[in-house]
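Using the sequences plus the hints, can you model the full thing?
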Amino acid sequence: MMEKMNHMIKHTFYNKIMILMALFVLQFIVLLFIDKPWNVIAALLVTIAGVTVLAHLLIKGKTFLAEHRKLLEEENQLSTLLHSLPDFVCFKDGQGRWLKVNQFGRKLYNLERIDYVGKTDRELGELVPFFKDAFDYCVDSDEQSWKAEKVTRCEEGFYLPNGEYKTFDVIKVPLFHSNQTRKGLVIIGRDISQQKIAEEMLLRKEKLSVVGELAAGIAHEIRNPLTSIKGFIQLLEENEHVSENYLNVMSSEMDRINQIVGELLILSKPQMREYQVFDMNEVLHYVIKVMEHEAILKGITLKVQGPSSSIHVFGDKNQCVQVFINIIKNAIESMDEGEIRVNWNVLNEKFIISIQDQGVGIPPDRLKRLGEPFFTLKEKGMGLGLTISQKIIEDHKGSILIESEVNKGTKVEVTLPVKHK
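In numbering that gives the first Met the number 0, the protein residues as written are 0 to 420.
Quick caveat, the hints were computed from the structure, so don't treat them as lab data.
Some hints could be false.
As the list claims (entries may be wrong) - List time: in silico PhoX-like cross-link candidates among lysine-lysine, alpha-carbon distance up to 25 Å:
id, residue 1, residue 2
1, 316, 396
2, 131, 106
3, 328, 390
4, 131, 118
5, 165, 131
6, 297, 316
Claimed, not checked - Between beta-carbon pairs, the in silico distance windows are:
id, residue 1, residue 2, range
7, 200, 128, 18 to 24 Å
8, 142, 303, 41 to 47 Å
9, 131, 284, 46 to 52 Å
10, 410, 131, 17 to 23 Å
11, 256, 335, 42 to 48 Å
12, 285, 98, 55 to 61 Å
13, 348, 256, 39 to 45 Å
Yeah, the Cβ is synthetic: ideal placement off N, Cα and C, and Gly gets one too.
And the structure:
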């Protein structure tokens, strides 16, 4: 197509030159037949001027054609590069109409036999119904990029007609005129489907590793009470008159097994949660009220500081209560007398609470193991409390950070996203 256009420009230019030359020659011939000498001289002068102009036009024309040919070659190289890329590349105007898409993109969306130029995503969705949802999502993500007025990055995924699911890492670059009106949108999408599959396989492998750790921990934790129960049963077989205290111990060990199994269920499968928007201030004041009595019994003061205004969080209220009771309980059990500081606030759309105790602290080698199933620093603990708390917070799109120094205390920081009503 570019070679054809180049040929047309050359053909048109040379046609104009030939017409001008013919006119000058014709004028010269006519003037020769006029017998006045000054007319002949005038004709010669006009002809010389015409030839000069023609020569100038020829030189300019050759320069123009050379520059035009160079531009066409550069455009051809750019087009070749664009179509050879293994990524989706698309250019849209300020109204979201498609201007150019590379071969990868045309093949991806089945646009190879469709005239896509000048059409919007919604119009293309009507022409290729299978990708209608994908095109509709593009409209929304494009608008987010326009509103951000800067380069944005997101993941977009959809199914292909053959049933394969594709995930793309998409970068969108909005362009604006000098008056800030929309000029165009550059979209580049890289296929990261194999990367996502590899990540899922790695996650599955990590889960299998955790299952192995859990299995070893369960075997150890349940074997101990079972050994005790077995011993008491043998004692009962040998002697019918066994002290009632032994029966109480057996019952206690059975309760312990039941508790282990119950906490494992929380880790092993999703629980029925009641997600709702609630005021975190109410939750924390309730937790402080519940734990204050236990703290007073050990001579510990709970120093509380937080904003009076409501802090709305979306999640399971009861599970959040469970997490904060567990953290403050751990802080109380780590010290005798002193104070525990509980501070919370909102920063950058995040709810942040820190719980700082003055306990014995945790050595670095043990600190990095906190959260592992069945790892505990307590004499009577089972090492599942923090594991469960971490799972709850992660399910709420939050995080837990623990810092500690031996003989100085431990600080636990919990972060959760804020929900605007």
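Verification of the supplied hints:
| no. | hint | in the structure |
| --- | --- | --- |
| 1 | 316 - 396 | holds, 14 Å |
| 2 | 131 - 106 | holds, 16 Å |
| 3 | 328 - 390 | holds, 18 Å |
| 4 | 131 - 118 | holds, 14 Å |
| 5 | 165 - 131 | holds, 15 Å |
| 6 | 297 - 316 | violated, 28 Å |
| 7 | 200 - 128: 18 to 24 Å | violated, 33 Å |
| 8 | 142 - 303: 41 to 47 Å | holds, 44 Å |
| 9 | 131 - 284: 46 to 52 Å | holds, 50 Å |
| 10 | 410 - 131: 17 to 23 Å | violated, 51 Å |
| 11 | 256 - 335: 42 to 48 Å | violated, 31 Å |
| 12 | 285 - 98: 55 to 61 Å | holds, 59 Å |
| 13 | 348 - 256: 39 to 45 Å | holds, 44 Å |
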